[in-house]
Amino acid sequence: MDWITTIGQLINTTLVFSTALIFAAMGGIFSERSGVVNIGIEGLMTFGAFAAGVATYFAEQAGMGAASPWIGMLAALVMGILASLIHAVASITFKADQVISGVVINFLATGSTLYMVKLIFDGAGETTLLKESFSKWAIPWLSEIPIIGFGLFTNYPTTYVAIILVFVSYFVLFKTTFGLRLRSVGEHPSAADTVGIKVVRMRYIGVLISGALAALGGATITLTTTSMFSHNTISGQGFIAIAAMIFGKWNPLGAFGAAVFFGLSQAVGNYFQLFEWSKSIPQEFIYMLPYVLTIIVLVAAVGRSSAPSALGEAYDPSKR
Amino acid sequence: MNKFFKIFSFNSLVVPLVAILFGLIVGAIIMLIGGYNPLLAYSSLFSTVFGNLYDFGEAIREITPLIMTGLAVAFAFRTGLFNIGAEGQYIIGMTAASVVGIKVTGLPIVVHAVVAIIAGGVAGGLWAGITGYLKAKRGVNEVIISIMLNWTALYFSNYIVRNFLLIKGQQRSEDIQDTASISIGWLSTMFSDARMHWGTLIAVLAAVFFYIFMWKSKQGYELRAVGHNGDAAKYAGMNVKKNIIKAMFISGVFAGLGGAFQVLGVFHNQALFTGSPGVGFDGIAVALIGMNHPFGILLSAILFGTLTYGSAGMSFGADVPPEIIRIVIGSIIFFIAAQGIVRWVLKPFYLKRKKEKVL
Chain B
1 MDWITTIGQL INTTLVFSTA LIFAAMGGIF SERSGVVNIG IEGLMTFGAF AAGVATYFAE
61 QAGMGAASPW IGMLAALVMG ILASLIHAVA SITFKADQVI SGVVINFLAT GSTLYMVKLI
121 FDGAGETTLL KESFSKWAIP WLSEIPIIGF GLFTNYPTTY VAIILVFVSY FVLFKTTFGL
181 RLRSVGEHPS AADTVGIKVV RMRYIGVLIS GALAALGGAT ITLTTTSMFS HNTISGQGFI
241 AIAAMIFGKW NPLGAFGAAV FFGLSQAVGN YFQLFEWSKS IPQEFIYMLP YVLTIIVLVA
301 AVGRSSAPSA LGEAYDPSKR
Chain Z
1 MNKFFKIFSF NSLVVPLVAI LFGLIVGAII MLIGGYNPLL AYSSLFSTVF GNLYDFGEAI
61 REITPLIMTG LAVAFAFRTG LFNIGAEGQY IIGMTAASVV GIKVTGLPIV VHAVVAIIAG
121 GVAGGLWAGI TGYLKAKRGV NEVIISIMLN WTALYFSNYI VRNFLLIKGQ QRSEDIQDTA
181 SISIGWLSTM FSDARMHWGT LIAVLAAVFF YIFMWKSKQG YELRAVGHNG DAAKYAGMNV
241 KKNIIKAMFI SGVFAGLGGA FQVLGVFHNQ ALFTGSPGVG FDGIAVALIG MNHPFGILLS
301 AILFGTLTYG SAGMSFGADV PPEIIRIVIG SIIFFIAAQG IVRWVLKPFY LKRKKEKVL
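As you go down the protein sequences, you meet chains B and Z in turn. For what it's worth, full-length UniProt numbering labels the leading residue of the first sequence as 1, then goes sequentially. For what it's worth, full-length UniProt numbering labels the leading residue of the second sequence as 1, then goes sequentially.
Isolated chain Z, as found in the complex (with noise of 0.2 angstroms):
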């Protein structure tokens, strides 16, 4: 019986889709507190997504970058600390593939791809390097470092794209060389003119790399090993110092990587930020409802984009203001690290089964 609930209670998928049900049926009563039709809005946004092709291209191209973003908030977990600094990493990252894609030129077409993704992976971890080495030599604390990071990456980049990059009168860069475009022609042909990239594939291999990385690697395990306890970890002969450097970096990687693959296969030039762009804050979110596991967050970051994305539609469709989802997302994360909540309401389900088996 024990084990039954331990199944149950953490390493099924059962917590995570019962608070998602909760998370829509949270998001339903506040659209009809607020006057509107809650099913007429769901329906709407499953249209939007599932509707038509092009839509649907373009809910995958939302998707990309969160799961690049997840994954780099998700890593620096696993090894016990809290990246909250994937927004600058993932804006660094677009500079850097922006500076490579557009003033580096005469490279053969597949060759100036890779470089300027490279550019933008290496730029990003080394921007989390940074906040790594700063934790690991002083005794920084990482989040403190990782915020005042994010800005000033927002302003660099302005600064870059301002000074170096932009077309004359316009608030964006010129665009990228042809060279150093990641989109895939064809499939976008496909999905009617939706901005299809080569990232999502990258994506999803990225993911796959984490879980073979951090599980099956010798250099994984070190890592882990030092965010789940570092005086154990140092006692047992591993450099913690060295171990907190190289995990910010590859966490940054990931996030890096995220926005290059906004500028090489999606924009194709950068613009001016006004604001942070958020998709390094909504990959907490999308850790946080993956469990922090690669393959987690590959679901969650499909359910965050889908939401994301299908939300414009309900305010066409059923005129509810698309903040909403961000209410739904928000009650998703809330019931997910609540899990007693959720054990609470199913309670009554488990006592009905053993009593059945008792019969």
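Excised from the complex, chain B in its bound form (with noise of 0.2 angstroms):
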């Protein structure tokens, strides 16, 4: 194996497991930007790995063939704004502690998904393997550059959705008047209901937003990298991700880098293996590197992490 070969492997498996801690890093953004926390990201993802197996299996049964595994990222989505909406009601609403909240989210995406599996699918944990997931396109021209060619332009699709994803985040939130009302909201509730921003609202969509994103990177999971959903499709991802959210800085560049970061440890843990040195290595230190190697990054170079000033308090008009 040539280190050309190498370096462009490694770059490809980084984005194919970066891909799903993109999308739920971005929704935890919009979430958290807009002042409402989302530790129920990990559920959220649950909620649309289950969504997008359920929905590609019934429409490979139909016949709609290559374009099942798109009808499962569209169930997904919208998986992912019904399940999104009880955090929202109760947080937002019902002013719930936000984090129980999240918590409630997880409890129920790893039961009622697990429960509804096993009514579909005749008391079996898991969906049966899918037949139409995504596989991986090579863009015309750009894949031919050499090293990189392969690393970076042949790619599942949903990847090069994730990565136009994260600009058009970054665009949203910081370039239009919809992404400063969202953050005003999550920095100053009441000065900006004082200027007519309608805060309930503008969390809301915030929130939804967040299930929707969340959603799609679990399905992105079971689309690609698995191929069905059982109950470990989804296992801990939606933490990293959050991890990757608070790393970044809530900025939507940031946590690219970090949920990148994330998947190149991974990816080199899974690289380390196939030499022949690394048997010397206990396999347990591997699979550890890409949590220790953060500790210490945040540790080192980051240091105290600036939330959104008013994230996790509920919005009381009447403390204006």
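What the hints contain is simulated information worked out from the structure, not anything from laboratory work. Some hints here could point you the wrong way.
As a list, the in silico DSS-like pairs of lysine-lysine whose alpha-carbon atoms are at most 25 angstroms apart [unchecked claim]:
| # | chain 1 | residue 1 | chain 2 | residue 2 |
| --- | --- | --- | --- | --- |
| 1 | Z | K347 | B | K95 |
| 2 | B | K249 | Z | K347 |
| 3 | B | K118 | B | K131 |
| 4 | Z | K137 | Z | K103 |
| 5 | Z | K234 | Z | K218 |
| 6 | Z | K216 | Z | K234 |
| 7 | Z | K216 | Z | K168 |
| 8 | Z | K234 | Z | K137 |
| 9 | B | K319 | Z | K347 |
| 10 | Z | K137 | B | K249 |
Derived list of chain Z stretches under chain B, where covered just means 3 residues or more per stretch with a C-beta under 8 angstroms from a C-beta of chain B [what the hints assert, rightly or not]:
| # | stretch |
| --- | --- |
| 11 | 137-145 |
| 12 | 156-167 |
| 13 | 275-289 |
| 14 | 335-342 |
If you only want the chain B side, here are some residues facing chain Z, beta carbon under 7 angstroms, derived [said to hold, decoys possible]:
| # | residue |
| --- | --- |
| 15 | A90 |
| 16 | L119 |
| 17 | I246 |
| 18 | K249 |
| 19 | P282 |
| 20 | L298 |
| 21 | V299 |
Built from N, CA and C at the ideal position, the CB exists for glycine as well.
Need the complex rebuilt from these two chains, each delivered in its own frame; the hints are there to steer you.
See the structure below:
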């Protein structure tokens, strides 16, 4: 294996692992920038992964062919919005503690998705293996660039969508009126209310976008790497995405960098195992690598993180 | 009248009780939609737990670690910290107890068990202390560090078990020395061989300790002050950083003890983890249902453990997927968190009473 192919493959795997994290981290940003903590990202990803698996399965059965995984993505989007509505109603309308409400989402997700899978697939704890999941697209011309061509431009369509999403999110948050309003609601809701911004509505929108994006992130895992949904399709990625969001200081570009960093450390871990010399390192240390690296980087470089100032507080107009 | 509402809104059992009822109703509705019989399901749940002594004892076994992780999460909550890392501290507690229980030999019978329990508690405390230290000294968000440490703990434990404790060719460690066991033989015999152990008693004592320490001691007062308003506490001359580390350490001790009990009292060995055991995450739910109060946590752990253990019986008795119980628990937390909904539903009852009084 020559080093050029190695680098190409490493970049490629990094992006595969990062995709779901990017989606989910962007979701987290929209919610938290509006002032609503979303610890339920993990659960929303589970809902998305489930909806994608089931919808794609039925689309296959209905003979939709290659369009099936896209139907799955659409189903995940709808499912994510519905599930995050629970979080929004509890934490915005009824002023429940936002962390608790997020924990509720995680509970409902693991419970209800498995319950429904067992209902649909006659008691089996997982969907059947999907025939029509996404396959990698090579972008003409660009994929022929040496070294990076294979790595960057021969990837799943969902990965390209994820990368575009980063820039769209950045643009929406920092260059549009909507983004300014969303952020103002998260920084100083009573001031925003005074100038006529609908605080409750903006927060609802933030949470629902968050649900949609996190669910899409979960769906990308079902539709690319695992090709099925089972109880451990989503195991901790949501929490890693939250870490990426905090790591990236609630900025889409920063969170993108963090998500890619997590993807890279996971990919590096996988690559080590291919080499003979890695046998002398206990495999557990390789698995630990991404998490330990994150802690080190956080402690050494980032330090105090700067959350939106009204994060976690329910808005009460009577206290203005 | 105001006083009347106050009692009914926060400091009473009404909201949690109504929330539990609503949670069970939501579960029943979902079972009906799925074509199951909810009454049969719930009755087989309760007949599983209370039907015979063995299952009753095993339900108590299920409840014990939930008390400990619940206390861990609640202790941190009370001091203004979110300890999502109880999972990792629980795992580390298990592993430390395993190492001491298996590798240390020649200690007398009670001493060995005590040493192993302390090892588990201290290890859990130190693991949480890492989070506390980094939060206090470097200002890093405790949630993200805890999440990373949960996974690190999982793999680190597997490393220890695989390399130092494993039985050749099997996926689990050797058994602990008999001297380190905290099982209660005569009680297990009484409960037709359910795995009863001293950890349950210690868990109840831990809840009492939590209460006394947090509300009756100067140290507890400082911890709560720091959690309530760090700046004010600092102005009053308290060492905020030291208190954060201390709070995390004590929180971690609770979770670590929970892990130690599982090894020393229940399994008597440690299997390689294929995934996170989840007891620490469940502790978050237990703490929330118990309103972050130690005695509330005893009750909510009993509820949580009963429902979880009984859910296995639901699938035997009524053919319902046991996952329904996580929906029920999630709904209970939802209704407790969004108390507005509960009060909104209860409102007509309040008004009725008011009218009666006027008449």
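Results of checking the hints against the structure:
Under the criterion of a C-alpha separation no larger than 25 angstroms, the hint pairing K347 (chain Z) with K95 (chain B) is consistent with the structure, at around 18 angstroms. Proposed proximity of K249 (chain B) and K347 (chain Z) is contradicted: the alpha carbons are some 43 angstroms apart, above 25 angstroms. A threshold of 25 angstroms between alpha carbons decides the hint, and for K118 (chain B) with K131 (chain B) the separation of about 20 angstroms falls inside it, so the pair holds. In summary, the hint linking K137 (chain Z) to K103 (chain Z) is not supported, as the alpha carbons are separated by about 35 angstroms, beyond the 25 angstroms threshold.
Between K234 (chain Z) and K218 (chain Z) the alpha-carbon distance is near 15 angstroms, which keeps this suggested pair within the 25 angstroms criterion. For the suggested pair K216 (chain Z) and K234 (chain Z), the alpha carbons sit about 21 angstroms apart, so the restraint of at most 25 angstroms is met. Of the supplied pair hints, the one linking K216 (chain Z) and K168 (chain Z) is violated, its CA atoms being roughly 51 angstroms apart against a limit of 25 angstroms. A C-alpha spacing of about 15 angstroms is found between K234 (chain Z) and K137 (chain Z), which places the hinted pair at or below 25 angstroms, so the restraint holds.
For the hint linking K319 (chain B) to K347 (chain Z), the alpha-carbon distance of about 24 angstroms falls within 25 angstroms, and the restraint holds. The hinted pair formed by K137 (chain Z) and K249 (chain B) meets the criterion: a straight-line CA distance of about 19 angstroms does not exceed 25 angstroms. With 7 residues having a beta carbon nearer than 8 angstroms to a beta carbon of chain B, the stretch 137-145 of chain Z meets the requirement of three or more and the stated coverage holds. Given as covered by chain B, the stretch 156-167 of chain Z passes the check, having 5 residues with a CB less than 8 angstroms from a CB of that chain where 3 are the minimum.
Using a Cβ-Cβ cut-off of 8 angstroms, 6 residues of the stretch 275-289 of chain Z lie near chain B, which meets the minimum of three, so the contact claim holds. Figure legend: the stretch 335-342 of chain Z, annotated as covered by chain B; annotation consistent (6 residues with Cβ-Cβ distances under 8 angstroms, at least 3 required). Evaluation of the A90 (chain B) hint against chain Z yields a held restraint, the C-beta minimum of about 4 angstroms falling below 7 angstroms. Interface hint status for L119 (chain B): upheld, as the beta-carbon distance to the closest one in chain Z is roughly 5 angstroms, under 7 angstroms.
About 5 angstroms separates the beta-carbon of I246 (chain B) from the nearest beta-carbon of chain Z, less than 7 angstroms, and the hint is met. Annotation: interface hint on K249 (chain B) violated; nearest CB of chain Z at approximately 11 angstroms, more than 7 angstroms. With a cut of 7 angstroms, the hint placing P282 (chain B) at the interface with chain Z holds, because the nearest CB-to-CB distance is about 5 angstroms. For L298 (chain B), the suggested interface contact is upheld, since its CB lies about 5 angstroms from the closest CB of chain Z, less than 7 angstroms.
Given the 7 angstroms rule on beta carbons, the hint for V299 (chain B) holds: about 5 angstroms separates it from the nearest Cβ of chain Z.
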